[in-house]
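So the protein lines, in turn, are chains W and B.
Heads up: the first sequence begins at 1 in our numbering, then just goes up one per residue.
Heads up: the second sequence begins at 374 in our numbering, then just goes up one per residue.
Note that these hints are calculated values from the structure, not bench results.
Certain hints may be false.
A few chain W positions that, by computed beta-carbon distances, are all more than 12 Å from chain B [as the list claims (entries may be wrong)]:
no., residue
1, E37
2, P83
3, P325
4, R355
As a list, the in silico DMTMM-like pairs of lysine to aspartate or glutamate whose alpha-carbon atoms are at most 25 Å apart [unchecked claim]:
no., chain 1, residue 1, chain 2, residue 2
5, W, K331, B, E482
6, B, K437, W, D234
7, B, K437, W, E109
8, B, K384, B, E482
9, W, K331, B, E455
10, W, K331, B, D481
11, B, K437, W, D136
12, W, K331, B, D460
13, B, K437, W, D29
14, W, K265, W, E109
15, B, K437, W, E362
16, W, K331, B, E419
17, B, K437, W, D39
18, W, K331, W, D198
19, B, K437, W, E269
20, W, K331, B, E432
21, B, K437, W, E319
C-beta atoms are modelled at their ideal positions from N, C-alpha and C, and glycine is treated no differently.
Okay, here's what each chain looks like letter by letter:
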Amino acid sequence: MSSTELRRTALDATHRALGATMTDFAGWDMPLRYGSERDEHVAVRTRAGLFDLSHMGEITVTGPQAADLLNFALVGNIGSVKPGRARYTMICREDGGILDDLIVYRLGEAEYMVVANASNAQVVLDALTERAAGFDDAEVRDDRDAYALLAVQGPESPGILASLTDADLDGLKYYAGLPGTVAGVPALIARTGYTGEDGFELFVKPEHAVELWQALTKAGEGAGLVPCGLSCRDTLRLEAGMPLYGHELTTALTPFDAGLGRVVKFEKEGDFVGRAALTGAAERAASEPPRVLVGLVAEGRRVPRAGYQVVAGGEVIGEVTSGAPSPTLGKPIAMAYVDPAHAAPGTEGVGVDIRGSHEPYEVVALPFYKRRK
Amino acid sequence: MSNPQQLRYSKEHEWLSDAEDGASTVGITEHAANALGDVVFVQLPEVGDSVTAGETCGELESTKSVSDLYSPVSGEVTEVNEDVVNDPSLVNSAPFEGGWLFKVRITDEPADLLSADEYTAFTAG
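Full structure from sequences and hints, please.
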């Protein structure tokens, strides 16, 4: 794809003025890093980082039947989400394969915002629209162009945000969202993120994005806030053991294969897309455990990458889904699906085939990193 | 970013110094270092190895990817930079100085190495 065809966020000129290295991410021209991605990673772990995530796909579902539609279309029990709260969930195919992982925010009594990955936003929009056919009192609206999304992540983020808003941030729990005003700009303030740190995501109108970015930058100056690109977002989520669609999650896997069967709520009322296949997948997972998503920590310095084979005793026993040098651990880390026999933390003799040489790796439980609360 | 005038450059983004005590120093350019991002692992040839112009002789691993290291000339490796093996971030912080990679006694060099100005134009394109 040539760069002229890439979509640009409302903050494009801001990123270029900051000297960002840009990258094509799901058809969007996004900041990969501004300076050192390791420094940006460390800033989020220890201070604060500011992200442009406007590539994420927002879809609004409204109407008296909005909850019913989402309960039918998604695997989670969206009907049980209270106004002002959010839920991590998935949308599956009829055969149980994962189409995307999502966060659903309940904005009002009969108003929900579904946030999809940029790479899947069209697929999710199409699926929701198609699945809405039997729900006359629910409307699915493409709101991808209605929002810019900024995230402030890291231990200093509550203080930085508090200096710009009267909203009750102390009362705003993890996976909750409330409408408010930040730096004079109307925003949906959500306590969510993808970094393993405390933090906020701010959904605003695109025309307010630059103003809000500048206000956050200024408010964060004293606290050491830095602009952060997608490169460090990937290492942050990897350390936090969070799956990424296209890596840990694909249409070839059901939530049960990904170790995330808990997001499937069979007990909810009514049918939902994938119920029959997922019931079978849950039974298979119980009787014949599939490969397990584990963490791997390198003993050496060579970095495992997605697609590399995991080996033990001369046999291929799994495959790496994501790998990177971990700034926090100071060692290469990876997530990998491995045969259950080799999945227990501390399993001996596991390695990764790194371009022909078998490098030793320690099997660990996920996540690699958990913040102190 | 300015590429030192006294060096020559390959299209694979290595730089090469004039010989000093019979050996030339090789590193990667600032342009290449910036494109890689933070370098976290460097695998270099060993002292005594023969390297061939345009062929891989090591690898550079960054947060996002792994890249082959190409030798800009043919010859014998006389010294490798242990500092950069221990602290690969030198490739990013001082690509033309402390981040040098190895020294080579040249037996043959390709005719198409670039001057600083030619390399600057090459990377601007």
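Each hint tested on the structure:
no.	hint	verdict
1	E37	violated (5 Å)
2	P83	holds (40 Å)
3	P325	violated (4 Å)
4	R355	violated (8 Å)
5	K331/W with E482/B	violated (38 Å)
6	K437/B with D234/W	holds (9 Å)
7	K437/B with E109/W	violated (43 Å)
8	K384/B with E482/B	holds (14 Å)
9	K331/W with E455/B	holds (19 Å)
10	K331/W with D481/B	violated (39 Å)
11	K437/B with D136/W	violated (46 Å)
12	K331/W with D460/B	holds (13 Å)
13	K437/B with D29/W	holds (17 Å)
14	K265/W with E109/W	holds (21 Å)
15	K437/B with E362/W	holds (22 Å)
16	K331/W with E419/B	holds (24 Å)
17	K437/B with D39/W	holds (15 Å)
18	K331/W with D198/W	holds (24 Å)
19	K437/B with E269/W	violated (44 Å)
20	K331/W with E432/B	holds (17 Å)
21	K437/B with E319/W	holds (18 Å)
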